[in-house]
Structures are given as structure tokens and as C-alpha cells.
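For the record, the sequence lines run as chains A and B. Take the working numbering: the last position of the first sequence gets the number 333, and nothing is skipped along the way. Take the working numbering: the last position of the second sequence gets the number 227, and nothing is skipped along the way.
Treat the hints as calculated values from the structure; they're not laboratory data. Positions of the beta carbon are idealized from the N, C-alpha and C atoms, including for glycine. There are no misleading hints in this set.
Just the calculated beta-carbon pair ranges, DEER-fashion:
(1) Arg155(B) / Ser292(A): 22 to 28 Å
(2) Gly238(A) / Pro220(B): 30 to 36 Å
(3) Pro236(A) / Leu195(B): 41 to 47 Å
(4) Ala300(A) / Arg223(B): 31 to 37 Å
(5) Leu227(B) / Gly263(A): 16 to 22 Å
(6) Gln303(A) / Gly129(B): 43 to 49 Å
Covered by chain A, according to a simulated footprint, are these stretches of chain B (three or more residues, beta-carbon under 8 Å):
(7) 156-162
(8) 197-209
(9) 212-225
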Amino acid sequence: KQEVTQIPAALSVPEGENLVLNCSFTDSAIYNLQWFRQDPGKGLTSLLLIQSSQREQTSGRLNASLDKSSGRSTLYIAASQPGDSATYLCAVVAGFNKFYFGSGTKLNVKP
Amino acid sequence: SQTIHQWPATLVQPVGSPLSLECTVEGTSNPNLYWYRQAAGRGLQLLFYSVGIGQISSEVPQNLSASRPQDRQFILSSKKLLLSDSGFYLCAWSVQAGSYNEQFFGPGTRLTVL
Chain A
223 KQEVTQIPAA LSVPEGENLV LNCSFTDSAI YNLQWFRQDP GKGLTSLLLI
273 QSSQREQTSG RLNASLDKSS GRSTLYIAAS QPGDSATYLC AVVAGFNKFY
323 FGSGTKLNVK P
Chain B
114 SQTIHQWPAT LVQPVGSPLS LECTVEGTSN PNLYWYRQAA GRGLQLLFYS
164 VGIGQISSEV PQNLSASRPQ DRQFILSSKK LLLSDSGFYL CAWSVQAGSY
214 NEQFFGPGTR LTVL
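Isolated chain B (complex conformation) (with noise of 0.2 Å):
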């Protein structure tokens, strides 16, 4: 069966520290990757997905970068953070056949920007 690792799972940075949080998926080969950031009240965010090995889509211009440096590796990272990047980071993955698209998520990581 697939399982979805994040970590860490909590994090608590300085504005102005460098961030980098890891997604890793077992069970599967070739997943769509997706990072979300979730804010406190409000709905899921998407800001990058990737279709394969060092294949990045950003959604939104924002303070954040990911990689893919491995098939079922990806990687969230900011080289200063902000306090606005504080929230709910989740990684989720999909394979698509045919018309057949569904979603799994991670148990996320909380980040705190102080």
C-alpha cells in the first residue's frame, strides 16, 4: 500500500532562517507531487506540483521554491523566511490513469514564523 511521509511535523523558525521540509511517498511510482500551505481558517493553497524528476509548476509568486531531486522525493524550501509563510504545509500525491485522478495527503507539517 502507498504511505505519504512529511517531516518534520511541527517547526518553529525565525523570520529571516532558511526552511526545508521533506515529502517522501512509498508504494508508487511516478506520482504527481503537490505542496499546499493551508492558513489558519481558510482553505488549502496549492503552490507547486510536479509531474516528474525536476519538474516544478509554481502556482502562486510567493517566498518558497521546491525541487524534485528524486521520483518520490519532494522538497519545500525558502532561503529567509517571512511570518506570512507561517501555516499548515501539506504534501499530497496522485496517479492519474486515464480519467482517474485521486488525491492523498500527508499528515503536514505546522510552521511557526516568529
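In isolation and in its complexed conformation, chain A is listed as follows (with noise of 0.2 Å):
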């Protein structure tokens, strides 16, 4: 069975500061990757999708990379800005249509 864990459960630093977010699995057979934020008490939204053929997306301040062979993704954020400060989950999408999610990265970006 798939296995989405996402180090470290919460991260904490000052504005303007470069972070990485990570996320690994158990499985490599994946379609694709997909990282979504959430706010709280709010729905996810995604951010970024990389397909299994790919290494990495970029938008904007973001970029994630994709690593099947060794079940890795990071997700880069460049210039941390307060209004970043969310839940980051990153999930995989393995046969039947079937994703996995990981627990999540709270983060929280001091002004």
C-alpha cells in the first residue's frame, strides 16, 4: 500500500526566508504528484502537478521537484511572504484513480 509522509510536520521562519518542503513514498509506480495548500478551515488548493514523466513545475515563487526512482518530491519556496503561512499536503496518484495523501507541512512565516 502507498505511503505519503511529508517531514516535518510544521516549520517555522522569519519573512524572506528560502524553505524546502518534503515529501516521500513508499510506492514509485505513480501517475503523477500533485501539492495542494490549505488554509484553515478552508478546502485544499492546488499548487503545482508534476507527472511521472517530468522532474519539475515551477509558479512563480514555487517550484517542486520529482524524484520516482527514490520517492522523494521537495516543493521550494523562494522569498517567504506571511500570506504563505498555510498547510502544505502533498499527494500521490497511483491506479484507478486513486491519490494518497500525505499529513501535511503546517508552515508559518513570521513578518
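The two chains are supplied separately, each in an independent frame; assemble them into the complex guided by the hints.
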């Protein structure tokens, strides 16, 4: 069974710092990996999707990488801002449209 | 553009009462639909998913059921709520094109069972 782990569980950084969030998965037979952001009491917002044939995707200050062979993905956030404070979740897609989620990294960016 | 709606936004129900949560998607056809539950401070638990009308797959044995009466409508139900059913319920949709399969979430329903 696919298991997804996110480290660290929580992270607090000063504004302006570059940071990396980690996601690991146990079964490399995935179709896609998707990163989400969740604000308190809200639904999930899709940030980036990396297909299994891709190595990375970029959107603004966000860059996500994927190494299928090692079962790892990272989300890089450049020049962090207080508005980036949220919980970040990764999910891998494996057969029959099933998404497996990590438990998330709660990010706090201090002004 | 595609939009996903969930209602109600919040719900407080007594133990033993029935439940019906509704999710509808606009702007897409034949989506895959999902129900998740998120307990406080925890990750998402997949409850049900559906690849078409009347087709429901259950992931976890529980006090809940799901139905898909129309292509873009997904309903989560219970005949008798338990305290453990409290949580944040999220509906999601995805459309698969080859190996590309991106998921989009609704705003969620906060359910408190007292």
C-alpha cells in the first residue's frame, strides 16, 4: 500500500527566507504528484502537479521537483512571505484514480 | 471554468440523526468524484470515490454511504450519526487525460456531532 510522509510536520521561518518542504512515498509506481495548500478551515488549493515523466514544475515563487526512483518530492518556496503561512500537503496518484495524501507540513512565516 | 460546490458549510447534528451532504461540480463532464474526511490536525482520509453515475467505491468500512445520482452530483449520507463522524468533509473532482490526473477540492463542510 502506498504511504506518503511529509517532513517536517511544522516549520516556522522569518519572512524572506527560502525554504524546502519534503514529501516521500513508498511505491514509485505513480502517475502524478500534486502539491496543495490548505488555509485553516478551508478546502485544498492545487499548487503544482508533476507528471511521472517530469522532473519539476514551477509556478511563480514555487518550484516542485520529483525523483520517482528515490520516492521523493520537494516543494521549494523562494523569498517566503507571511501570506505563505498555511498547511502544505502532497499527494501521489496511483492506479484507478486513487490519491494518497501526506499529513502535511504546517508553515508559519513570521513578519 | 470548473467550479465545485459543497453545502452546507457547517452543520451541527445530534448523535443518531441522519446526514446528507451534497457536492456538485460545474463546467466539466464525467468527472471522477471523491469524498474525504479530515479529522482535526490529521491528514485526509479517502471515504468514497466514483468514476461514473451509480458507481461507488468505498475505501473504509464506516457509518457512511455515498451516492451519485447524476454525473456531477455526489452525496454523502448516514442513517445514524456517531460522535466519531465529526470532522471536516471535503469533496473533490478530477478528470483523467492519459496519465494526467489533477484533483480539485470544494470548500468543505464542517460537521460537529454532539
